[in-house]
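S.K.: Chain residues, written in single-letter form:
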Amino acid sequence: MNNVKKWFVYLLFAILIVTQLYPLLWLVMYSLKTNEEILGGSFFALPNIPQWHNYADAYTSGSYLKYLGNSVIVTAISLFAVIIFSSMTAYAITRFKWKYGQYVMLLFLLGMMIPLQATLLPLMIIFKNLDLLNTRWSIIIPYTAFALPIAVFILSGFMRSIPTDIEESAFMDGASVYRIFRSIILPISVPPVMTVCILTFINIWNEYIVAATFISSEELKTLPFGVYTFVSQYSVNYGNIGAFLVMGALPVIIFYFILSERITKGMVAGAVKG
Amino acid sequence: MNVLKVPARTIAIFVLPCLILYIGTVFIPILVSFYTAMLDWNGISDAKFVGLANFKTLLFDDPNFWMSVKRTIMYAVFSIIEIPICLLFAILLNRYIRKGNRLVTIYFVPVILSNVILGQLWKTIYNPASMGGMLNGVLIKLGLDSWTHSWLTEPAIAMYAIYFVSLWQYFGYHLLIQFTGVQNIPDEIYEAAKIDGADGFKADRYITFPMVVPIFKISVVLAFIGSLQAFELVMVMTGGGPAHATDTIATHMYNMSFLSQKYGYGSAVATFLVIFCLVITVVINGVFNKIERKVT
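Top line first, the protein sequences correspond to chains A and B.
Going letter by letter, the first sequence gives residues 1 to 274 in the UniProt record's numbering.
Going letter by letter, the second sequence gives residues 1 to 296 in the UniProt record's numbering.
Bound conformation, chain A alone (with noise of 0.2 Å):
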């Protein structure tokens, strides 16, 4: 191939990565200018003095950590429940011998194409009567059920795969089913249960509005919800309000950072077998 060509298919790639990134550099950089830097016009200048201290003002004046740690219990909790469900499911589905099964993996097929925010409403009456707004469970029950459909239909694509001898003789020795559900299956099970996870965590992980529109109190506002919280309230604190951004986006990055290949991979896959 000629040089030329060679080097504008580069030029092409090499644009590409600013076009994704610098708007987030921007980002970083806008978070450690001073008001006056960033109203005075200067866009890709890095900053004079870097203001390190925006991010103590943001840290102290928003409630951060909390948020953060609402994010980690309501994500940890979905995570788990819907592992649990999803791989009993579709353990049932692939191996018991039951009328029904075919219909319970056809209701999961059918769910994949619900759109969330129509159940926005209803869940919000339904949540009401049951005293359950406001509260964890009120994000952390949607969460869940909407991510059984695409976790059991990636589980299930998977057990059906592993051959059924090891189990069968396991069965004839008397094993319980519960025992070998736990002691073969889900040991054998770990690769795609690490794929539901990563699909999971990053769909709940950066959920923003069943978290708007359930929960109320500022004790329970998860990361989104809260850093939206914050964008509003310091709304002429230009400095402040990059920081708090950054600080929103960090820990997904990091996560990112050192996971990117397993993650990637993760969510090809789900999005190829959903």
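Derived from the structure by calculation, the hints contain no laboratory data.
Do not take every clue at face value.
One side of the interface only, derived from the structure: several residues of chain B facing chain A at Cβ under 7 Å [what the hints assert, rightly or not]:
hint, residue
1, Leu21
2, Val26
3, Pro29
4, Val116
A virtual CB, placed ideally from N, CA and C, is assigned to each residue, including glycine.
Dock chain B against chain A, hints included.
M.R.: Chain B only, in chain A's frame:
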């Protein structure tokens, strides 16, 4: 293979907790929503049963609704136009760049961030220059003062500003999906084609394109469904304003339900959204089944 004969009680233990949670949270609300769509209700005073009146208003007397449908479809059209471009990039990446995987990982970063962060980031970029907005600032620096806009508050362009963010965000996603598809085509096929004289674009025409159809379909379905549910980004960036200029079906539903407190009417929009999603999914699958039969 379904081989294990277990008592009904065991099946119940394995399936019921999951199923109850799932049906209770996904399907029951949809049914409730079908019912509340037939009420005139603000959530506080007594509900009045009005039959299909809400749907009648929705379909015949709510210009904002049809505009929101149009915007939702436009959202999908733009998202889908992006996919062939991603495919092109994926082919180039696979052919000319050695560590293509690494690059895609970089392009993927916006995909994993919350809509709240991205929405707020782009709001600051779109800000007027006097508030430190980068886009307008750059235009002024380039001497293109007349091109500056208040991107998110001018009704004529606000929606395009949002489409752009969405395309920017999902570029890496579709690129990665297409790239995976292109990578999975075995090299031997290209080598064989080369011997037969098919090279470069010709090879793409007869090998790459037909072989990525299934993956292409996945991207299209995802883009379509994602657009129909276009919601969070709009809520964060404009909330559907100014004056409904950026409402999509989902934000129209949300604003009607939660801001205007028209529970019945909002439910009617939600019902429409659910049916719309189901119909579109069936249609896309049908279209692609036809295409797949044609190319294979």
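S.K.: Decide, hint by hint, whether the structure agrees.
M.R.: Hint check results:
1. Leu21: Given a least distance of 6 Å, the restraint on Leu21 (chain B) holds.
2. Val26: holds, 5 Å
3. Pro29: The hint holds - Pro29 (chain B) has a Cβ within 7 Å of chain A, the shortest such distance being about 4 Å.
4. Val116: holds, 4 Å
Checked against the numbered hints given earlier, this structure breaks none of them.
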